[in-house]
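Visitor: If you read the sequences in order, they're chains A and B. Each residue of the first sequence is one higher than the last, beginning at 1 in our numbering. Each residue of the second sequence is one higher than the last, beginning at 1 in our numbering.
In case anyone wonders, no lab produced these hints; they're calculated from the structure. For clarity, every value in this text was computed on a predicted model and none was experimentally measured. Treat each hint with caution, since some may be false.
Stated by the list, open to error - Here are the computed lysine-lysine pairs in the BS3-like style, where the Cα-Cα straight-line distance is at most 27 Å:
| id | chain 1 | residue 1 | chain 2 | residue 2 |
| --- | --- | --- | --- | --- |
| 1 | A | Lys134 | A | Lys318 |
| 2 | B | Lys285 | A | Lys265 |
| 3 | B | Lys285 | A | Lys272 |
| 4 | B | Lys426 | A | Lys161 |
To be verified - Label pairs and their computed distance ranges (CB to CB):
| id | chain 1 | residue 1 | chain 2 | residue 2 | range |
| --- | --- | --- | --- | --- | --- |
| 5 | A | Leu240 | B | Asp524 | 50 to 58 Å |
| 6 | A | Asp276 | B | Asn70 | 46 to 54 Å |
| 7 | A | Glu260 | B | Asn70 | 15 to 23 Å |
| 8 | A | Asp276 | B | Thr162 | 52 to 60 Å |
| 9 | B | Ser240 | A | Ser273 | 21 to 29 Å |
| 10 | A | Ala177 | B | Leu202 | 36 to 44 Å |
| 11 | A | Glu198 | B | Asn316 | 28 to 36 Å |
What the hints assert, rightly or not - Chain B is faced by these chain A residues, among others (derived, beta-carbon under 7 Å):
| id | residue |
| --- | --- |
| 12 | Ile87 |
| 13 | Lys91 |
| 14 | Lys120 |
| 15 | His122 |
| 16 | Gly123 |
| 17 | Lys134 |
| 18 | Ala156 |
| 19 | Gly157 |
| 20 | Cys255 |
| 21 | Ile256 |
| 22 | Gln268 |
| 23 | Arg286 |
| 24 | Leu291 |
| 25 | Asp295 |
Quick reminder that beta carbons are idealized off the backbone N, C-alpha and C, glycines included.
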Amino acid sequence: MGKRGRVRKRQIQSRRHRKTPEVPARKSGRRVYIFIGIVCSGVAVLWGVFHFQAGDETTRTKESGFSSAERTEYSTAFSELPIEQQIAALKTEETELAEIIVKEFPDTEEALYFIGNFHKRHGRREDAEKFWQKCLDINPRQLSIYRSLGETAFEAGEYEKAIDEYKKAVEIDPTAADIHKGIGHALVELGRYEEATEELEKEAQISPGSLSVHFLLGQAYFKQKKHYEAREHYETAIQLDAEYASAYYGLVRVCIALKEPEKAKEYQLRFKSINDRRFEKSRAERASALLPTRDLAAIRRSVIITYLDAGELYRARKDFGTTEDLLKRAVEIDPNDIRCFEGLGLLYSMTERYPEALRQFERIREIEPSNLRSYLNIGTILFMLNRYDAAERVYRDAIAIAPEQSTVYLQLAGLYLRTRTKPGDARKLAQKAVSLQGTARGYFMLSWACDVTGDQEGALKAIEQAVRLEPENLKYRQIYKRFKGSN
Amino acid sequence: MLRQWRTKLCIGILPVFLLQSCTERVSAGISFSDVTKETGITFRHTDGSGGHFYIMETVSAGLALFDYDNDGNIDIYFLNGAALKGTKYKVPPKNELYRNEGGFKFVNVTEQSGVGDTGFGLGVAVGDYDNDGDQDIYLNNHGPNLLYRNNGDGTFTDVTKTAGVDNGNKMGAGTCFLDMDKDGDLDLYVSNYVEFSYDSHLARTADGVRTYSGPLSYPPTSDNLYRNNGDGTFTDVSESSGISRHQGTGMGMICCDYDNDGDTDIYVANDVMGNFLFRNDGTGKFEEVGLIAGVAYDLHGEQQGSMGVDAGDYDNDGLLDFFVTSFRCELATLYKNLGDSVFEDVSRSSGAGKGTYSGVTWGASFGDFDQDGDRDIFVASGHLARNVELFDDSLTYFQSSLFLMNKGDGTFIEVSEKSGAGMKVKLSSRGAGFDDLDNDGDLDVVILNTRQEPTVLRNDSHPKGHWLQVRLRGVKTNRDGVGARVKVIAGDLTLIDEVHSGRGYQSHYGTRLHFGLGERKRIDSIEVRWIGGGADVVNDVAVDQCLIITEGSSKAQ
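Let's have the full structure, built from the sequences with the hints guiding it.
Guide: This is the structure:
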C-alpha cells in the first residue's frame, strides 16, 4: 500500500471514531428530495415538491445582492508526474480504496456491487462477476446486478447467457427500462429476428423515445423483409437524432430493397457525410500526440467513480465527515468532473451547510455553463438562504438556457408563490410548464397560482388533473377536497 | 508437367451421406490433424518487436501456397518480419521457401531459390506476370516491395527495379495479380495499410499497460495499381484508374468478378474504415461502390476492424459471396450476394459469424473440406496484442482456429471442437493457406502464427465426397488463368469458382481450383470462361482427379 493510501486509510479510520455531526432536525412540513446520477448520463438534481401549507409562505425580503462565492483554486492530483507515473499512482490509489471498501463494508449489497463494477472497469470480468454474485447471494432480487451480468455477457458475445440474465431482471420488474431492449438486441445478434421484434416492441412501450430501440426494431423488421415497418422505425430514429448514422445506413438498405435508387442515393450521401465526420473525430482523438492522455483520462474517471461510490456508502452510514473527505479527494483527482461537485453539493445540502453547497453548484456552472441542473440547485439554495432576488435571476437564466423544460418554469413559479410576490407571473409560468409537460406537480402549482389569483374554478380544475395523474398523493387529494367543498 | 491423381478408395463402415441431419454429418465428417512436427518445416516467424509497440508488429504476415517448380506438389512460402527501429538481430530473419517432397515432407530451399527476402514481410501474391509458364512472387512489405521472377529452374531473380514496382517506402498489406484490362497479362494491385513514421509513433496504454495503437492513430493512405506493359515492366495507373482517389487502411484483399459482367473487380478489407469494392468498367477504370453494394459496413452500418477476405459461392446460387474477418467484439461478416450488385450481411442468420465475436480473426477461406458439395469456412484466429491479458482478462493472445461447416441450406454450424486435434492448436495466427498438400484430393491447411512456428493441418476427414481439381492454362489470356470463371455441373449440383492471385489475409493459395461433389460419380460438364477470352467446355468427366484445362481446347488433361 502506498504512502498516500496509508494516509487515506488513517483519515477514513480516524473519521469513524470522531463524533459524527448531528444532522439538524428538519423543519416541519418541508421535505427535500435530491437525486444525483453517478453515471455520466446525468440525472437531474431536483429540489422536489414544495407542499403548500397555509401559513408556511415565506415573506420575501429585498436583498441588495449577494456576494459571489469565494474563488477556490483547484489542483489536480499527481499532475506534476509523467503520464505513466500518474497512471500508476492513480491505479494504486483506486485499488487501495477498493480494498478499504471491501474491508469496511464486507456484507453490504451496494459495496459488493460497486466493487464488482470496479473490477469490470479494469477488465477483470471474473472478479466482477464474483462480487456481483456475492451481492445476489445476499439479495437475489437485485435487478441492477442481472443487468450488469447481462451486459457483460453481451459484450463477450455470449448472447444466450445475456438473455438468461436479462430475463431474471424482467422477472423482478417487467417494466424496467432497457431490459427488454437487452434481450431484443441479443436476439438480433443471434439472428432470431421474430423473437427480437417481440421484445423490442415491449421496450418501445416502456421507452417510446429510445433511439436504439427504434433502430433495432428497424433491423429486426428489415431482416424479416418487412421493409415498410423497418423504414418507419429508421425514420423515427433519425427524428430522435438527426445524426444517427446507422439509421441512415438502414434506410439505404431498405430503399435498395424497395427499388428506390434515388432515395437510396440520398440516404447514402447523408450517411457518408455523418460517418466521415465521426471518423475524423475518432482519428483526431486517437492522434498519436493525444494518445497518452486518453488512458489517463479514462483512469481518472474510474478513480472518481470509486470515490463517489465509496462516498455513497459512508453517507448511507451517516459518516458525513468521511464522505466529505472522499468527495474532496475526488475533486483533486479531476477538478473538472462535475460529479464530484454534485456529490459535495448534495452532502452539504443534506447537512444544511448551504453556503458551501452553493459554492459546489456554482463551480459546476463554471465548468458547464449550460448545465441546467446547476442553475436549479443554485436557485433552490439561494431560496433556502433567503436570497430571493438572486434566486429569481438564476431561474430566469435557467429558462433562457432551457426554454422547453417545464421544471424551470415551475421552480420560478414556486419562488413567487412561496414569497407571495408576482402571483400573476406565477400563474403564467405554471401554465407554461403544464403546456410543455403536464405533470402532477405542474398542475398542483397551477392550482396554487389560480387560488392566490382568485380563480377558484381554475384551481379546482388544475388540482383535479394533479389527482388524476397521481391518485395516491394524499396532499393533492386533501387540497382537491377542500376546493371542491368550497365550490 | 501434366499429372492426374486418382483418389484413394474410401471403404468404411460409415455410409456416404446424402441428406443427413447436421448432427450425423458432424459426427461423420471433418477432422484435421496437426502434422507440423512431421513436416521438417523449421520456420519461425519474427515480428521485429523490441518493446516499442510499432503497429506493423501486430499484422505480420501472410504466406503463399503455390507450385514454384511445377512438379505437381504445392510448396509453401512463409513471410517473415524484420528488425524494426530499436531492434537488432544477429542473423536477420528472412522469408523461407519450402519445397513439397510429397507425403507432408518439406525441404527448406530458400538459399538455392534466392527468395529469402529480409524485408519486413506483410503480404504476398503469386502469378505468372510474364506468361512464361512459371509462377512469380510479389512481396508487399513494410518498406520497399519486391518482385521475384521465377527463372523456371528452381531459382528466382529480383526484378523489382526493372519492373518498376517497388512501391516506395510504404506499409504494405494484401496484394493481388489480376488482368484488369483483359489484355492477357497480369496487372498488380498493391494495398497499403497506414501512413507510418517512426518520428510520430507513440505507443498507447490501456488501463495503464503499454500496448499497441490502432489504425485510427495513423493517417489512412491510398492503394496502388500497376498495369502490366507486357514487356516485363509496369506502369503506375493508380490515378488514371480511379484507385488513388480513395484513402483507406487496406489489409487483406481479393479480386473477382462479383457482378458476373466478365471483368475482374477488387475488394479491399479496410481496418476500422468502410471496406472498398472497386467495380471494374471493363477497361481497368474503377468506381468505388462498397457502401451502395452493402459490403462496406456490417449489418448495423458500423465499420469493422476488417482483416482478411475471401470470395466463394457458399450457397451455390452462381454468385460469389464475401467472407470478411475482423477484430474482437465484431462478428466476421458473411456478405451474401443477392444479385444486381447488392449484398446483405447474413452473418447472424446464417451462423457464419458464430465463434468469431470474442476473437480476432485473420486468414479465412471458403473451401469444401468434407467434399459434400458446399463450401465450409475455416478461420484462423489470434489477438493482436501479446500482453492483452494484462488489461482484459476475458481475452487471450493465443486462440484456436474455427471451423464452420456448411449445412447445405445456406447456414453454418460451428464444429471446431469436434473437428480433430488439429483444431485444438492455440496460437496467435495470421495468414492461412488452403490447398491439397498431399494430393489426396482434399484441402489441407497451413497457418502462419506470429512469433511462432507455423501450423500444418492434414485433412483427415472421413468419409469424404468425390472431388475434382482444375488447373487452368491460359494461352491467349494470362497463363495461370487468373480471373477465369469455372463452372462445374454434376447432376443436380452446379458449382462455380474463380482463379485468384492473392486472397484471405494477405496470402496466396488455390491457383488449383477444388470442387467437392458429394456422392455424384460423374461430372457432366466443366465450363471455363477466360478473362478477356472466350469459353471452353469439357464434357463428361470422371470424378476424383486433377485436370489441366488449356485455353482453346475442349479436352482436359
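Visitor: Work down the list of hints and note, for each, if the structure agrees.
Guide: Do the hints match the structure? See the list:
A threshold of 27 Å between alpha carbons decides the hint, and for lysine 134(A) with lysine 318(A) the separation of about 24 Å falls inside it, so the pair holds. Between lysine 285(B) and lysine 265(A) the CA atoms are separated by roughly 22 Å; this keeps the pair inside 27 Å, and the hint holds. At roughly 23 Å between alpha-carbon atoms, lysine 285(B) and lysine 272(A) fall within 27 Å of each other, so this suggested pair holds. Between the alpha carbons of lysine 426(B) and lysine 161(A) the distance comes to roughly 25 Å, so the proposed pair stays at or under 27 Å and holds.
Distance hint check: the CB atoms of leucine 240(A) and aspartate 524(B) are about 57 Å apart, consistent with the given range 50 to 58 Å. About 48 Å separates the C-beta atoms of aspartate 276(A) and asparagine 70(B), a value consistent with the hinted range of 46 to 54 Å. For the pair glutamate 260(A) and asparagine 70(B), the supplied restraint of 15 to 23 Å is violated, since their beta-carbon distance comes to about 53 Å. Between aspartate 276(A) and threonine 162(B) the Cβ separation comes to about 40 Å, which falls outside the hinted range of 52 to 60 Å.
In this structure, serine 240(B) and serine 273(A) meet the distance hint of 21 to 29 Å, their C-beta atoms being roughly 28 Å apart. Under the hint 36 to 44 Å, the C-beta atoms of alanine 177(A) and leucine 202(B), about 41 Å apart, fit the expected range. Restraint check, glutamate 198(A) to asparagine 316(B): a C-beta distance of roughly 33 Å satisfies the suggested window 28 to 36 Å. Against a cut-off of 7 Å between C-beta atoms, the interface hint on isoleucine 87(A) holds, since the closest Cβ of chain B lies about 4 Å away.
With its C-beta approaching chain B no nearer than about 5 Å, lysine 91(A) sits inside the 7 Å limit, and its interface hint holds. Given hint, lysine 120(A) at the interface with chain B, is violated; its Cβ is 10 Å from that chain's nearest Cβ, farther than 7 Å. Checking histidine 122(A) against chain B: minimum C-beta separation of about 6 Å stays under 7 Å; hint holds. Given the 7 Å rule on beta carbons, the hint for glycine 123(A) holds: about 4 Å separates it from the nearest Cβ of chain B.
Interface restraint check for lysine 134(A): the shortest CB-CB distance to chain B comes to about 18 Å, outside 7 Å, so the restraint is violated. The interface hint given for alanine 156(A) holds, since its Cβ lies 6 Å from the closest Cβ of chain B, which is under the 7 Å cut-off. Satisfaction of the interface hint for glycine 157(A) is found here, the shortest Cβ-Cβ separation to chain B being roughly 3 Å, below the 7 Å cut-off. The beta carbon of cysteine 255(A) comes no nearer than 10 Å to any beta carbon in chain B, farther than 7 Å, and the hint placing it at the interface is violated.
For isoleucine 256(A), the interface hint holds, since its Cβ comes within 7 Å of a Cβ in chain B; the closest pair sits about 6 Å apart. Annotation: glutamine 268(A) was flagged as interfacial toward chain B, and the flag holds, the nearest CB pair being 6 Å apart, inside 7 Å. Look at arginine 286(A): its Cβ gets to within about 4 Å of chain B, closer than 7 Å, so that hint holds up. Interface restraint check: leucine 291(A) against chain B, minimum CB-CB distance 4 Å, threshold 7 Å, status holds.
Among the interface hints, the one on aspartate 295(A) holds; its C-beta lies about 4 Å from the nearest C-beta in chain B, closer than the 7 Å criterion.
Checked against the numbered hints above, the structure violates hints 7, 8, 14, 17 and 20; every other hint is satisfied.
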